[in-house]
Amino acid sequence: MISVFILLLGAATPILFAALGELVAERAGVLNLGVEGMMVGGALAGFAAAHATGSPALGFAVAALAGAALSMLFAMMTQYLLSNQVATGLALTLFGLGLTAMFGKPYEGVKAPAMMAGPLGLNWMIWLGLAMVPVVWWFLVRTRPGLILRAVGENHDAAHGLGYPVRAMRIAALAFGGAMAGMGGAYISIATVLQWTEGMTAGAGWIALAIVVFAQWNPWGVLAGAWLFGGVTVLQLRLQAAGVAVPVQFLAMAPYLATILVLVLISARQKFGRSGGGAAPGSLGRPFHALR
Amino acid sequence: MFRLEPRASAPLGWQIATPILAVLATMFVGGLLFAAMGFDPVAAIRTIFWDPLFGPAAGYSRPQLLVKAGPLILIACGLALGFRAGIWNIGAEGQYIIGAICGAAVALAAYPAEAFWIFPAMILAGALGGWAWGMIPALLRNWFGASEILVSLMLVYVAQKIAAWMAFGPMKNPEGFNFPGSRNLQQYPAAANPELIANSGLHWGGIAAIVALAATWFIMSRHVLGFQVRTAGAAPRAARFAGVRPERLVALCLGVSGALAGLAGLFEVAGPAGQITESFGSGYGFTAIIVAFLGRLHPLGILLAGLLMALTYIGGELAQMMLNLPAATVQVFQGMLLFFLLGFDLLTRYRIRRRT
Numbered sequence: 001m002i003s004v005f006i007l008l009l010g011a012a013t014p015i016l017f018a019a020l021g022e023l024v025a026e027r028a029g030v031l032n033l034g035v036e037g038m039m040v041g042g043a044l045a046g047f048a049a050a051h052a053t054g055s056p057a058l059g060f061a062v063a064a065l066a067g068a069a070l071s072m073l074f075a076m077m078t079q080y081l082l083s084n085q086v087a088t089g090l091a092l093t094l095f096g097l098g099l100t101a102m103f104g105k106p107y108e109g110v111k112a113p114a115m116m117a118g119p120l121g122l123n124w125m126i127w128l129g130l131a132m133v134p135v136v137w138w139f140l141v142r143t144r145p146g147l148i149l150r151a152v153g154e155n156h157d158a159a160h161g162l163g164y165p166v167r168a169m170r171i172a173a174l175a176f177g178g179a180m181a182g183m184g185g186a187y188i189s190i191a192t193v194l195q196w197t198e199g200m201t202a203g204a205g206w207i208a209l210a211i212v213v214f215a216q217w218n219p220w221g222v223l224a225g226a227w228l229f230g231g232v233t234v235l236q237l238r239l240q241a242a243g244v245a246v247p248v249q250f251l252a253m254a255p256y257l258a259t260i261l262v263l264v265l266i267s268a269r270q271k272f273g274r275s276g277g278g279a280a281p282g283s284l285g286r287p288f289h290a291l292r
Numbered sequence: 001m002f003r004l005e006p007r008a009s010a011p012l013g014w015q016i017a018t019p020i021l022a023v024l025a026t027m028f029v030g031g032l033l034f035a036a037m038g039f040d041p042v043a044a045i046r047t048i049f050w051d052p053l054f055g056p057a058a059g060y061s062r063p064q065l066l067v068k069a070g071p072l073i074l075i076a077c078g079l080a081l082g083f084r085a086g087i088w089n090i091g092a093e094g095q096y097i098i099g100a101i102c103g104a105a106v107a108l109a110a111y112p113a114e115a116f117w118i119f120p121a122m123i124l125a126g127a128l129g130g131w132a133w134g135m136i137p138a139l140l141r142n143w144f145g146a147s148e149i150l151v152s153l154m155l156v157y158v159a160q161k162i163a164a165w166m167a168f169g170p171m172k173n174p175e176g177f178n179f180p181g182s183r184n185l186q187q188y189p190a191a192a193n194p195e196l197i198a199n200s201g202l203h204w205g206g207i208a209a210i211v212a213l214a215a216t217w218f219i220m221s222r223h224v225l226g227f228q229v230r231t232a233g234a235a236p237r238a239a240r241f242a243g244v245r246p247e248r249l250v251a252l253c254l255g256v257s258g259a260l261a262g263l264a265g266l267f268e269v270a271g272p273a274g275q276i277t278e279s280f281g282s283g284y285g286f287t288a289i290i291v292a293f294l295g296r297l298h299p300l301g302i303l304l305a306g307l308l309m310a311l312t313y314i315g316g317e318l319a320q321m322m323l324n325l326p327a328a329t330v331q332v333f334q335g336m337l338l339f340f341l342l343g344f345d346l347l348t349r350y351r352i353r354r355r356t
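Heads up: the protein sequence lines correspond to chains P and B, in order. The numbering of the first sequence is the UniProt record's numbering, which starts it at 1 and goes up by one. The numbering of the second sequence is the UniProt record's numbering, which starts it at 1 and goes up by one.
Excised from the complex, chain B in its bound form:
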């Protein structure tokens, strides 16, 4: 039959081809799934991947692309740094929620003051909140050797409970007729994160995502830190001999990815979401993991993957409205995509030879 022969290095062609193959395979199997459920597969795939950009209602859905891609890219940039080093922060969702809560806390404390410093202070608080939440698994790993995978994930559930508590307790809108949820920051000009160019979907979170992409590129390919990260991921022992201090790297990667996730949360609560509610966490932190992998942990890839994932979100909503497709379709697609991607990855790492 066949045998696998390890490659010395991953060819660039396959590195670019495998994510594309994975997307096509997902579309194909997704189409089969839709057909099995009694939907027209071609219409469903077109509604999800084509109509949001070029369909009849594209004028409304196109700006949503940047709204959804912004937080995904921002979070994925941080995650990519850690994944490269073999440090698995899978609790970005929690850091995202805590960042939003901290940022919103600044705004709600300042309410109804109008001052130029409020929004910058919120940004700082959001980043610090996410950083602190990411540092918990980092410190527990450094001090006690506790798995950062499990601790960061447990903290997602804790963060969700804190958000619920905030929505029902300390942050509840005093003028909200006793409904849970904080004041809407969109209606508080000093704290709002509005669309910067009308109908573009671009808010400060999008700007931050672009800056994060550029910074990731610089760090990964032009800075000694990127070298250390890559070495630590590929060969931990060699990295130690090269003078990399693993504890520092753990704290840095989890801290940075936490801060970026916190920023994403802050921009979301001050912008599209508007308020802290019980269900503020919307899964961006988990989808960003897929974005990071689909983008091959490379800034350019993350940009494209983030836009594609945003497209599936919007297309999924559209398909739900137009074709009555279940709301969870997008989740299934995203899970499937990650599977195919990891499977096809074989082609970049091994050569398939016929057994002789």
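Extracted from the complex, chain P is given alone in its bound form:
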């Protein structure tokens, strides 16, 4: 039972990282659909660094930098060139997948160094992921910069009018989101699959985006969503291993179908429920252009 829970925590970790990062970006009012691209970028960069140095910790650090660097591309496009956020995020995903496919070839078939073990049979990245949940919550709800970040996300014109740096706040939030997505991606290559394969994130970035909606932009909700996803993943892998009389492909669909299901349930609750829960930040996805 405990071993199953450990597996669940491991399966949830990449999504937890990526979704927490995206949550902060979305609370600042930017919708970055490039999570998948930043994750796969982190997966390759982290794997390459870990392989070269033999240190997974260094791998995760490099992955965070790679993810943040990719997010800066998105930030430049959407914050300075005022491009459409949906299309730009999509471009980032396509670009990240292409770039990693191009530079990843030498790393195919190479093994990852051993992961650093942590207390209670969980590696340090799982602990870091869990620790980030209260940290993000505390930052957003209990600190002044967090308050400004949320103000920028709810109404960027009002925040600008009060003299808050809308653009700088958003760029910082995007960098954080990119670093988190990069580390989440690296967790897949360094700690889960233990090797690099092209397009290995397999939609985890998109699932993370859905988890943010499911969580109604609340960090604790992200934790619940990531665990739910981890549970479904572990369950379907267990059923595959047990050889149940269902085609493997149907079991492999489970995480994606579960994502659609939770998305529908939470959207329905927002649409028909007695409001409650968080709504999307007011300025989410809208470009900000200060006229003065």
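Bear in mind the hints are in silico, worked out from the structure with no lab data behind them. There's no promise every hint is true.
What the hints assert, rightly or not - Straight-line Cα separation of at most 20 angstroms, SDA-like style, residue types lysine to any residue; simulated pairs: (1) P:K105 / B:P326; (2) P:K105 / B:L33; (3) P:K105 / B:A251; (4) P:K271 / B:L139; (5) P:K271 / B:P246; (6) P:K271 / B:R248; (7) B:K172 / P:A245; (8) P:K105 / B:F39; (9) P:K271 / B:W143; (10) P:K271 / B:R245; (11) P:K105 / B:W143; (12) P:K271 / B:K172.
As the list claims (entries may be wrong) - Pairwise CB distance ranges, derived in the manner of DEER restraints: (13) B:P174 / P:A242: 28 to 38 angstroms; (14) P:A290 / B:N324: 44 to 54 angstroms; (15) B:A43 / P:P287: 38 to 48 angstroms; (16) P:D157 / B:Y60: 51 to 61 angstroms.
Quick reminder that beta carbons are idealized off the backbone N, C-alpha and C, glycines included.
Let chain P serve as the given structure and place chain B on it in line with the hints.
Only chain B this time, still in chain P's reference frame:
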């Protein structure tokens, strides 16, 4: 420094110039990338953009242009309709796969009958399959408010798994020595989608793409539907007052783009691909998104953008053979192109003024 001043309307000159600028910038930065990787940038760019059309092996590669452009244009036409209205179907890849599976199912059920109705029935099944797959995100958005972006994308992965299941299970060729993959429809005359004019690369999918272009032009600029689509995209509230029913528009845009993607899949499985395999989806559904944007969501633009994207596919393969360039070069190019395009788009929407 500089400041941006919003334009009241986008000047036609910039609308035409920005995609061209984006292509040139992509070539330039791509060349730098090749140089950094130790390849001759001029040779690489020439191999990708020039040689497929006018190089020594052009006789073989030129027909491939229509083979690759057909599905891209067909899918992009549908997507453009939705993008104009602010409805984001990014799961065309899934609708493409399901359309192919449904069309192939008709053919495999009829095998080995030879009858005139088989191919038309496949076309119908392909379109219906893609339509149905596109209607899932449409209905979930209309009924529950679920994001069509995320749902349509999740359904791509589901469709890929269904294709794998089909290739290993129900559709596996009984005479295929237990290899995964369906019967090859190219070898089944009643279901095949052959080249219509020898060495042109034109098959029924190309014809369908031309019809789709004409229909898109008519709808967008001559029909009230196009007006509704454009209004809904530019000013949703105004559209509501003008009597546009958003639910209807969502269902229509996702349904139509799904059906067109399904058709593209059907023509591919009955023609160039020949069979349903585990990896049937080849990314056309995603590249078509770039085609739609590069073509500025306009039929004429989509035609040119589709041909250009097809060229990069063929040129990429050629560069892989001749210069040993990595296979993913094309993907990088396409991603970069979309970036530059979205960036340069600033020039159509804003005027850059020196700050005084």
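Comparing the hints with the structure gives:
Between K105 (chain P) and P326 (chain B) the alpha-carbon distance is near 8 angstroms, which keeps this suggested pair within the 20 angstroms criterion. Restraint check for K105 (chain P) and L33 (chain B): satisfied, since their Cα atoms lie roughly 16 angstroms apart, inside the 20 angstroms limit. As the CA atoms of K105 (chain P) and A251 (chain B) are separated by approximately 42 angstroms, the hinted pair breaks the 20 angstroms bound. Straight-line distance between C-alpha atoms of K271 (chain P) and L139 (chain B) comes to about 14 angstroms, which keeps the hinted pair within the 20 angstroms bound.
A distance of roughly 16 angstroms separates the Cα atoms of K271 (chain P) and P246 (chain B); the hinted pair therefore holds under the 20 angstroms criterion. For the suggested pair K271 (chain P) and R248 (chain B), the alpha carbons sit about 18 angstroms apart, so the restraint of at most 20 angstroms is met. The straight-line distance between the Cα atoms of K172 (chain B) and A245 (chain P) is roughly 18 angstroms, inside the 20 angstroms bound, and the hint therefore holds. With a C-alpha separation of about 17 angstroms, the suggested pair K105 (chain P) and F39 (chain B) falls inside the 20 angstroms cut-off, and the hint holds.
Between K271 (chain P) and W143 (chain B) the alpha-carbon distance is near 9 angstroms, which keeps this suggested pair within the 20 angstroms criterion. For a cut-off of 20 angstroms, the pair hint linking K271 (chain P) to R245 (chain B) stands: about 18 angstroms separates their Cα positions. Distance hint between K105 (chain P) and W143 (chain B) is unfulfilled; the C-alpha atoms sit about 44 angstroms from each other, more than 20 angstroms. For the given pair, K271 (chain P) sits about 44 angstroms from K172 (chain B) by alpha-carbon distance, which is inconsistent with the 20 angstroms threshold.
The hinted window of 28 to 38 angstroms between P174 (chain B) and A242 (chain P) holds, with their beta carbons roughly 29 angstroms apart. For A290 (chain P) paired with N324 (chain B), a C-beta distance near 49 angstroms keeps the hint of 44 to 54 angstroms intact. Between A43 (chain B) and P287 (chain P) the beta carbon distance is about 40 angstroms. The supplied range of 38 to 48 angstroms therefore holds. A hinted range of 51 to 61 angstroms for the beta carbons of D157 (chain P) and Y60 (chain B) is consistent with their spacing of about 58 angstroms.
Checked against the numbered hints given earlier, this structure breaks hints 3, 11 and 12; the rest are met.
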